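Protein chains: 2
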Amino acid sequence: MRKIGAVIFPDFEMLDLFGPLQMFSMHRDAFEILTVAETRAEVKSSGGPKVVPDYSIADPIRYDILLVPGGKGTRSARHNEVLLSWLNKAAAQAELVTSVCTGSLLLASAGILHGRRATTNKRAFDWVVDHSPAGINWQPEARWIEDRNILTSSGVSAGMDMSLAVIERTLGPKAAKDAALWAEYTPHKDADFDPFSLEGQTI
Amino acid sequence: MRKIGAVIFPDFEMLDLFGPLQMFSMHRDAFEILTVAETRAEVKSSGGPKVVPDYSIADPIRYDILLVPGGKGTRSARHNEVLLSWLNKAAAQAELVTSVCTGSLLLASAGILHGRRATTNKRAFDWVVDHSPAGINWQPEARWIEDRNILTSSGVSAGMDMSLAVIERTLGPKAAKDAALWAEYTPHKDADFDPFSLEGQTI
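Residue numbers (my numbering), protein chains in the order written: chain A, 1 to 203; chain B, 1 to 203.
Please keep in mind that the hints were generated in silico from the structure rather than gathered at the bench.
Treat the hints with care, since some could be wrong.
Treat identical chains as interchangeable: a pair holds within one or across any two.
[Claimed, not checked] Straight-line C-alpha distance at most 25 Å; calculated BS3-like pairs for lysine-lysine:
| id | residue 1 | residue 2 |
| --- | --- | --- |
| 1 | K177 | K3 |
| 2 | K50 | K3 |
| 3 | K3 | K44 |
| 4 | K3 | K89 |
| 5 | K72 | K89 |
| 6 | K72 | K50 |
| 7 | K72 | K177 |
| 8 | K174 | K3 |
| 9 | K174 | K189 |
| 10 | K72 | K174 |
Remember, it's a predicted structure, so these values are computed and weren't measured experimentally.
Sequences are here, hints too, so could you generate the full structure?
Structure below.
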């Protein structure tokens, strides 16, 4: 049973978080979903709905998989040294570290992406790169990027595809296929396919 | 500005709710997202995360669009006469009534679907039909169904496609296309296309 630490902060993006969590929840015998925030106070998403975290960062939980969403709240969270310091320590203890959309800027700001390949939302790409520390190999065209134990995905819906890659890595391809099937989700299975990149918007 | 009443109850399915809400939230000048539950106490989703409702059903809010998710909690909610009675009244006042997955069983149980065409999750299809009142024209193969002002969708992810149809109806096709683009979501645009129906699973 792997503990998933779903990190929330004010103005996080709903689907960045709940898309991947839905896929993980399809295997409830394998994943325990826990939301974690700076404090245990309720956290309002950028869309409006409010989540009560299961834990605060002060609780001594070791998460096997970290999930960091993006959203307009990353503009403020990237300056939150208390949260970033915890994120750095939690990432060092985790088997897998994942982010969706501009969540990768929080990983970058926490010093977790140094020397790694990573991606983010293509509409926020320049902003993320400009505000990240040097030494990160940002990829402008990718649905998601896997660099050893760190998976960063493109915007919003891309997190669902990335989470299926996590399920495939941890539980095998049938488990990933089942999760998508049960969720009636047609996944993008190719990490390099990015119809939403600035270079190649096709829809 | 349309008020969206996102109805939550214990063990609702996360993506049923947050997928559509994400799409609506892409047009925050047009839609106000409000969660509503039987009481204002926090509501735990079937996946684990807990939501604090903005309103209870006792609050005299008129919602323009109702969104009813499914999930294993529908097994209990379909017997909740207080909730169903409110749902019936709220639906009568709404411009559009929508459901995702087994949320359509709650619409059926509340007497809202009589004489209508409707659909639901295909894995729960027989269960939903068997537990619904007579007089509903259940469709076994559809991504979503629009019968005048009522839209019911298939399982989980199908809610995102249905919500884009709602955006198209209310704000026009460009608004729906933009919402999908900003969410980096590749929608199923054909309501009749259902690769997850029991007749034709293709993935």
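Right, here's what the structure says about each hint:
In the homo-oligomer, the alpha carbons of K177 and K3 lie at most 25 Å apart inside one protomer (21 Å), although the nearest pairing across protomers, at 36 Å, exceeds that limit. With identical chains, the CA atoms of K50 and K3 are at most 25 Å apart both within one copy (22 Å) and between copies (16 Å). In the homo-oligomer, the alpha carbons of K3 and K44 lie at most 25 Å apart both inside one protomer (23 Å) and across protomers (18 Å), since each shortest distance falls under that limit. Within a single copy, K3 and K89 get their C-alpha atoms as close as 16 Å, which meets the 25 Å cut-off; across copies the closest is 41 Å, which misses it.
In the homo-oligomer, the alpha carbons of K72 and K89 lie at most 25 Å apart inside one protomer (24 Å), although the nearest pairing across protomers, at 36 Å, exceeds that limit. Both within a single protomer and between protomers do K72 and K50 lie at most 25 Å apart by alpha-carbon distance, with minima of 15 Å and 21 Å respectively. With identical chains, the CA atoms of K72 and K177 are at most 25 Å apart between copies only, with a shortest distance of 21 Å across copies and 31 Å within one. Taking the shortest Cα distances, K174 and K3 sit within 25 Å of each other inside one copy (21 Å), while across copies they are farther apart (41 Å).
For a Cα distance limit of 25 Å, the shortest separation of K174 from K189 inside one copy, 13 Å, qualifies, whereas the shortest one across copies, 27 Å, does not. Taking the closest pair of Cα atoms, K72 and K174 come within 25 Å of each other only across two copies (23 Å); inside a single copy the shortest separation is 35 Å, beyond that limit.
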